[in-house]
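Build the full structure now, drawing on both the sequences and the hints.
Quick note, the sequences are listed as chains F and D, same order. Heads up: the first sequence begins at 1 in the numbering used here, then just goes up one per residue. Heads up: the second sequence begins at 116 in the numbering used here, then just goes up one per residue.
Hints are not guaranteed to be accurate.
Said to hold, decoys possible - Stretches of chain D that chain F covers, calculated by requiring three or more beta carbons in the stretch to come under 8 angstroms of a beta carbon on chain F:
1. 152-163
2. 214-221
To be verified - Every beta carbon over 12 angstroms from chain D, so not counted as near; a handful from chain F, in silico:
3. 8
4. 11
5. 15
6. 65
7. 114
Claimed, not checked - A partial selection of chain F residues facing chain D, derived with a Cβ cut-off under 10 angstroms:
8. 28
9. 46
10. 50
11. 55
12. 56
13. 80
14. 91
15. 102
16. 106
Read the hints as simulated data drawn from the structure, not as lab findings. Since we're looking at a predicted model, the values are computed, not measured. For each residue, glycine too, the CB sits at the ideal point set by N, CA and C.
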Amino acid sequence: GAGVSQSPSNKVTEKGKDVELRCDPISGHTALYWYRQSLGQGLEFLIYFQGNSAPDKSGLPSDRFSAERTGGSVSTLTIQRTQQEDSAVYLCASSLTGLAAYEQYFGPGTRLTVT
Amino acid sequence: KQEVTQIPAALSVPEGENLVLNCSFTDSAIYNLQWFRQDPGKGLTSLLLIQSSQREQTSGRLNASLDKSSGRSTLYIAASQPGDSATYLCAVRPVETSGSRLTFGEGTQLTVNP
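Right, dumping it as structure tokens:
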């Protein structure tokens, strides 16, 4: 079946603009995760969804970052008033359930560049 | 706070060599450990998942071991090929965060020369 998909694959935006990044998880996966990969910071956890709720959003770096998930499927990560330090690759992952034993499957990522 | 370290940061080997990548973590309270491969400009491909109760997992030319009490894992790649060139990432699922996230190492960049 299809894997995790993300769109857009690349996004260039001007400082101060808002951006939306989209993630389509594997069909039937109830858990969804967002991570960020940036130079010098490695791969960092942002937020975890189980169904439509977010039991753990402790990794969101500031209140400019928000995410939602609707219908237990698609998720959108929104960054408001983008800053240059937001430039990174944003990766989405999904797993069958949120139980720790289950493997996470990653999408190809969205490369965000803030100019 | 859980920290994951991977050594070496980069490795270059001739084709055909067997090699070992190392991963260490500071808190042994983990649910599992996962090894990933990342090609340039791409997402992560899961290679092996080892549950905390397991000692090793094998897939083809790859073998991963886990020594939870000492906070170490190794990824063994047999008979390396140029197509194995990629960055290899190790990640643990810490109990302290209720298993809701993966904590990653910085990765080992592997180059296999023909």
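Right, here's what the structure says about each hint:
Check on the segment 152-163 of chain D: 6 of its residues sit with their Cβ under 8 angstroms from a Cβ of chain F, so the three-residue criterion for coverage holds. Look at the segment 214-221 of chain D against chain F: 8 of its residues bring a Cβ nearer than 8 angstroms to a Cβ of that chain, three or more, so the hint holds. Every CB of chain D lies more than 12 angstroms from the CB of residue 8 (chain F), the least distance being 14 angstroms, so the non-interface label holds. For residue 11 (chain F), the requirement that its beta carbon stay farther than 12 angstroms from each beta carbon of chain D is met, with the minimum near 14 angstroms.
No Cβ of chain D approaches the Cβ of residue 15 (chain F) within 12 angstroms, the least distance being about 24 angstroms, so the stated non-interface status holds. The Cβ of residue 65 (chain F) sits about 15 angstroms from the closest Cβ of chain D, beyond the 12 angstroms cut-off, so the non-interface label holds. The beta carbon of residue 114 (chain F) is kept farther than 12 angstroms from every beta carbon of chain D, the shortest such distance being approximately 18 angstroms. Because the smallest distance between the Cβ of residue 28 (chain F) and any Cβ of chain D comes to about 17 angstroms, over 10 angstroms, the interface hint for this residue is violated.
Because the beta carbon of residue 46 (chain F) sits about 9 angstroms from the nearest beta carbon in chain D, less than 10 angstroms, this interface hint is met. Because the beta carbon of residue 50 (chain F) sits about 8 angstroms from the nearest beta carbon in chain D, less than 10 angstroms, this interface hint is met. At a threshold of 10 angstroms, the smallest CB-CB gap from residue 55 (chain F) to chain D is about 7 angstroms, leaving the interface hint in force. At about 4 angstroms, the closest approach between the beta carbon of residue 56 (chain F) and any beta carbon in chain D falls short of 10 angstroms, and the interface hint on this residue holds.
Checking residue 80 (chain F) against chain D: minimum C-beta separation of about 23 angstroms lies over 10 angstroms; hint violated. For the restraint placing residue 91 (chain F) at the interface with chain D, the shortest Cβ-Cβ distance is roughly 6 angstroms, inside the 10 angstroms limit, so the hint holds. For residue 102 (chain F), the interface hint holds, since its Cβ comes within 10 angstroms of a Cβ in chain D; the closest pair sits about 9 angstroms apart. This hint holds: residue 106 (chain F) has a C-beta 4 angstroms from the nearest C-beta of chain D, less than the 10 angstroms allowed.
Violated hints, in rising order: 8 and 13; the structure is consistent with all others.
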